[in-house]
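Guided by the hints, dock chains B and C onto chain A, whose structure is given.
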Amino acid sequence: MELRAEALSYGYPGRIIGSDVEVALTAGEIVCVLGPNGGGKTTLFRTLLGLLPVQAGHIALGGRPLQDWSRRNVARVVGYVPQAHAAQFAFTVREIVLMGRTAHVGAFAAPSHRDRAAADTALATLGIGHLADRVYTEVSGGERQLTLIARALAQEAELLLLDEPTASLDFGNQLRVLDQLRALAERGIGVLFSTHDPDHAFLCAERVVMLRDGRILATGRPGEVITHDNLKRLYGVEVEVVTATLADGRASQLCVPGLAGLRTGSRPRPAPTWH
Amino acid sequence: MRYGWRPRPGLSATRLSAVLAFALALTGASLGEAREVVDSAGRRAVLPAKVERVYAAGPPASIMVFAIAPEKLLGWTRAMTPDEAAFLPQRYAALPSLGRLTGRGNTANVEVVLAAKPDLIVDAGATGDTYVSLADRVQQQTGIPYLLYDGTFARTAATLRALGAATGDSGRGELLADYVERSVGGVRAKVATIARERRPRVYYARGPSGLQTALSGSINAEVLDVLGAINVAGGQSAASGLANVSMEQVLAWNPDVIITTDPGFYARVWTDARWSRIAALKNARVYLSPQLPFGWFDFPPGPNRVIGLFWLADILYPDVFGNDLRARVADFYRLFYHREPTPAQLDALLDTPEPANR
Amino acid sequence: MTAHAFDTLRLGSLGRYTLPLLGLAALVVLAFAVGRFPVSVGDLYAATIGKLTGTSRPVPATVETVIYQVRGPRVLAALVVGAALAAAGAAYQGMFRNPLVSPDILGVSSGAALGAALAIFLSWGLIGIQALAFAGGLGAVTLVYAIGASLRGRDPLLTLILAGVVIGTLLGSCVSLLKYLADPYNQLPAITFWLLGSLASTSPADLAVVVPTVLLGLVPLVLLRWRMNLLTLPDDEARALGVETTRLRLAVVCAATLITAASVAISGIIGWIGLLVPHAARMLVGPGFARMLPMTMILGAGFMLGVDTLARTVATLEVPPGVLTAVLGTPLFLWLLAKSKRAW
Chain A
1 MELRAEALSY
11 GYPGRIIGSD
21 VEVALTAGEI
31 VCVLGPNGGG
41 KTTLFRTLLG
51 LLPVQAGHIA
61 LGGRPLQDWS
71 RRNVARVVGY
81 VPQAHAAQFA
91 FTVREIVLMG
101 RTAHVGAFAA
111 PSHRDRAAAD
121 TALATLGIGH
131 LADRVYTEVS
141 GGERQLTLIA
151 RALAQEAELL
161 LLDEPTASLD
171 FGNQLRVLDQ
181 LRALAERGIG
191 VLFSTHDPDH
201 AFLCAERVVM
211 LRDGRILATG
221 RPGEVITHDN
231 LKRLYGVEVE
241 VVTATLADGR
251 ASQLCVPGLA
261 GLRTGSRPRP
271 APTWH
Chain B
1 MRYGWRPRPG
11 LSATRLSAVL
21 AFALALTGAS
31 LGEAREVVDS
41 AGRRAVLPAK
51 VERVYAAGPP
61 ASIMVFAIAP
71 EKLLGWTRAM
81 TPDEAAFLPQ
91 RYAALPSLGR
101 LTGRGNTANV
111 EVVLAAKPDL
121 IVDAGATGDT
131 YVSLADRVQQ
141 QTGIPYLLYD
151 GTFARTAATL
161 RALGAATGDS
171 GRGELLADYV
181 ERSVGGVRAK
191 VATIARERRP
201 RVYYARGPSG
211 LQTALSGSIN
221 AEVLDVLGAI
231 NVAGGQSAAS
241 GLANVSMEQV
251 LAWNPDVIIT
261 TDPGFYARVW
271 TDARWSRIAA
281 LKNARVYLSP
291 QLPFGWFDFP
301 PGPNRVIGLF
311 WLADILYPDV
321 FGNDLRARVA
331 DFYRLFYHRE
341 PTPAQLDALL
351 DTPEPANR
Chain C
1 MTAHAFDTLR
11 LGSLGRYTLP
21 LLGLAALVVL
31 AFAVGRFPVS
41 VGDLYAATIG
51 KLTGTSRPVP
61 ATVETVIYQV
71 RGPRVLAALV
81 VGAALAAAGA
91 AYQGMFRNPL
101 VSPDILGVSS
111 GAALGAALAI
121 FLSWGLIGIQ
131 ALAFAGGLGA
141 VTLVYAIGAS
151 LRGRDPLLTL
161 ILAGVVIGTL
171 LGSCVSLLKY
181 LADPYNQLPA
191 ITFWLLGSLA
201 STSPADLAVV
211 VPTVLLGLVP
221 LVLLRWRMNL
231 LTLPDDEARA
241 LGVETTRLRL
251 AVVCAATLIT
261 AASVAISGII
271 GWIGLLVPHA
281 ARMLVGPGFA
291 RMLPMTMILG
301 AGFMLGVDTL
311 ARTVATLEVP
321 PGVLTAVLGT
331 PLFLWLLAKS
341 KRAW
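Residue numbers (the working numbering), protein chains in the order written: chain A, 1 to 275; chain B, 1 to 358; chain C, 1 to 344.
To be clear, the hints were calculated from the coordinates, so they are not data collected in a lab.
Just so you know, even glycine gets a beta-carbon here, dropped at the ideal spot from N, CA and C.
There's no promise every hint is true.
[Claimed, not checked] Estimated spans, in silico, between C-beta atoms of each pair: (1) A/141 x C/334: 25 to 33 angstroms; (2) C/152 x A/232: 36 to 44 angstroms; (3) B/178 x C/180: 37 to 45 angstroms; (4) C/25 x A/117: 48 to 56 angstroms.
[To be verified] Here are the computed lysine-lysine pairs in the DSSO-like style, where the Cα-Cα straight-line distance is at most 30 angstroms: (5) B/190 x B/117; (6) B/190 x B/72; (7) B/117 x C/179; (8) B/72 x B/117; (9) B/282 x C/51; (10) B/72 x B/50.
Just chain A, with the same shape it has in the complex (with noise of 0.2 angstroms):
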């Protein structure tokens, strides 16, 4: 199964966010979209998933164009993460798995027992087993996002669409965040997620869209797209890409910030006054 979208336009009518975009999406690869805040990267998701009219362009899904894709059948295929957020109702972390058979379910139907089985796997899959019966709006923020990383498994999607899964998360619940993409990946799921840190593309994605005001700046590998350059022209700062070693001998590459102080090592101080 694979998502594809070519020449898309996306935004709303008279507001057009992102022109020119093409992004392709198969089942078993990391897809990383990675752009400032602000970019439109959560647009250009809504708009993979259909949830918001294509301004411009196609989009094919499994070699159909999506609008012809019924709700519940794009939602049997591609699941979708938000952000985690704060829920209204008090509902356990079970039930908001639970959530995620929806497109299994008839429309007037209850879950049945395989339904609740896919829930219970998706929860032990993502470890996160021992909160199935706690309240979802008492369980940390790193939960909420695994929480609805379950949910999107119960769906028994070929394809998952995660939007800043790492946003507002602790730096150990992101690594494991970023961990369980990679699990995912591994077991043949295709995986697109933004973010806005060039080091979390590095960690997990074998592919990277660097997406600017809209328009793409680059695609393509990691090693091959994230460079000084490149991040200069996304970012406008200046980030020297170094490749370390690691303790096990493999080389990681990561972004090291150009701060002003750092080349020197000291602090600029003013020049002398008196002569």
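Only chains B and C this time, still in chain A's reference frame:
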């Protein structure tokens, strides 16, 4: 030498003019002087010498003014329906609608009232502080004298008399008051002779469901009290006098007679299984009060209820009051509404519709 | 820390409902036993159980009338109205994602009030009043929904709420106008009493119409009981999960409006039940609609029955049930607010 005036015996011009002046001062009204009148609430108002144009602030007052001096009535508080207008002389039925200016909810625009240029504003009804302050305020605002009279049934004659005197129609006022006193007095006397055990228990069913009622002592059920009937709703402490009751309560009371003012309720109640067990239904003693041109039983609470008294007396005590109701209705309508009803109209008033299955 | 009160009691899924159902049954028995018309326990037994088992002794005809024609329909009406208003409130609170929403939010009560006031003003009979109240309620919500649907490009829920508030206010002012123009001696008291709400004039004929209508409206809510949970999610998420949110919302609005309009047509305006009872149900069994719906209906039926029984027995004159629900409901609600330390 003694100068000045010295009283001389016998008529002299000066003496005569002094006497005349004194007499004139006493009879100021008939000779173009304003006069002060005191109303039922103890308020004093200064009326012009001649009162030709009267604005009635509420329905009971309209009926009173219409009865006493119809040519002076400026308008009704709401337009007459064709059914109501059929009972009045055409020129009076066609009077304009000027709205209410009384405590029960005003619809009159004060400017409209002023534009009608009344000499006097009259209201009949409650005379408590709220209404007194309203009367004072209107009088102050418009500069037109406002008289507030007691509208209770017991004071109908006195109010007619006082109102007649105020508008300069003492003769008419006296005539009508006399009629009311004689007829109501006669009824009271006869009622007093009826033994307590023979006084019927009456339930007054208001509204489309028949489950609204008026409490004993309230202005809505005064006629019942005059007739000595026992209002099953009793006297409660509720101020307004109207209340909702439950079906069970009515069944528990089991009234002998039911009076209603709602034609829809009257049509339905005969076939409603819930009401069928009540004594009044079993003995076919449910009565619909005539309403044209003005209600006979409850509203408006004015002199229109006098004829209702006779109607109800006939119903409650048929062996004591075998009045010729037709003649009495004709008399009353001629006297108070200035038009004797046609025989067809009398039939319509007095023959209650036969319910579908009895 | 487990989620909900009844879960901590470790009741099975059926045990959850046993206690409230027993309470309701007891309340029904009590409601039949008390009233302004004195009915002895012996007579009550003979007229009901005795009749069924054929062991009855003759019961006075009036007592039979009271039990079968007066008290019976009234008890049933209280149960139905209470359950209906509570269910509608629960549905709307989920749909609008706001626990402070009542069934009146889309204007059904204002529309019904206008219909009834107009019928009274035109001197229609009781049936006409009920019919026009029902039509008014349906009409008002149709108007609100049409307005909400035609205003595109905004948050659909917000436009619905705004349209509901605006139309509700407009209709309310029309009611005020009718009260102003009505005959103050006759029509105005009738309008006022209708607006205060009362089950006093319930007849078996009323029930024959209202009960099927309410059941009809409950059918979609029961069928969609699991999907209702998804409406509590933001629109995007629900649609991404495969739900046609616009259609689902339309179904919920139709169902909730049908049951509310039918209830208001026979009972007048009775507030608080739709707002308060779903909260209590959520506290007991959690927000999952499949469990919350039956619980909220049981609690709503019980609350309404209790209030109505009080209204008709406490004094000779009827106490308006709307007043009682507010007087009893307010402290209850405040207590619930204080007790709940978590989200709804």
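Structure-based check of each hint:
1. Between residue 141 of chain A and residue 334 of chain C the C-beta distance comes to about 32 angstroms, which sits within the given range of 25 to 33 angstroms.
2. As the Cβ distance of residue 152 of chain C to residue 232 of chain A is approximately 41 angstroms, the hint placing it in 36 to 44 angstroms holds.
3. Checked against the given bound of 37 to 45 angstroms, the beta carbons of residue 178 of chain B and residue 180 of chain C, roughly 39 angstroms apart, stay inside it.
4. Distance hint check: the CB atoms of residue 25 of chain C and residue 117 of chain A are about 37 angstroms apart, inconsistent with the given range 48 to 56 angstroms.
5. In summary, the hint linking residue 190 of chain B to residue 117 of chain B is not supported, as the alpha carbons are separated by about 46 angstroms, beyond the 30 angstroms threshold.
6. Straight-line distance between C-alpha atoms of residue 190 of chain B and residue 72 of chain B comes to about 37 angstroms, which puts the hinted pair past the 30 angstroms bound.
7. Only pairs whose Cα atoms come within 30 angstroms are accepted, and residue 117 of chain B paired with residue 179 of chain C is accepted, the gap being roughly 29 angstroms.
8. Our distance criterion of 30 angstroms between C-alpha atoms is met by residue 72 of chain B and residue 117 of chain B, whose separation comes to about 12 angstroms.
9. As the CA atoms of residue 282 of chain B and residue 51 of chain C are separated by approximately 26 angstroms, the hinted pair is consistent with the 30 angstroms bound.
10. For a cut-off of 30 angstroms, the pair hint linking residue 72 of chain B to residue 50 of chain B stands: about 11 angstroms separates their Cα positions.
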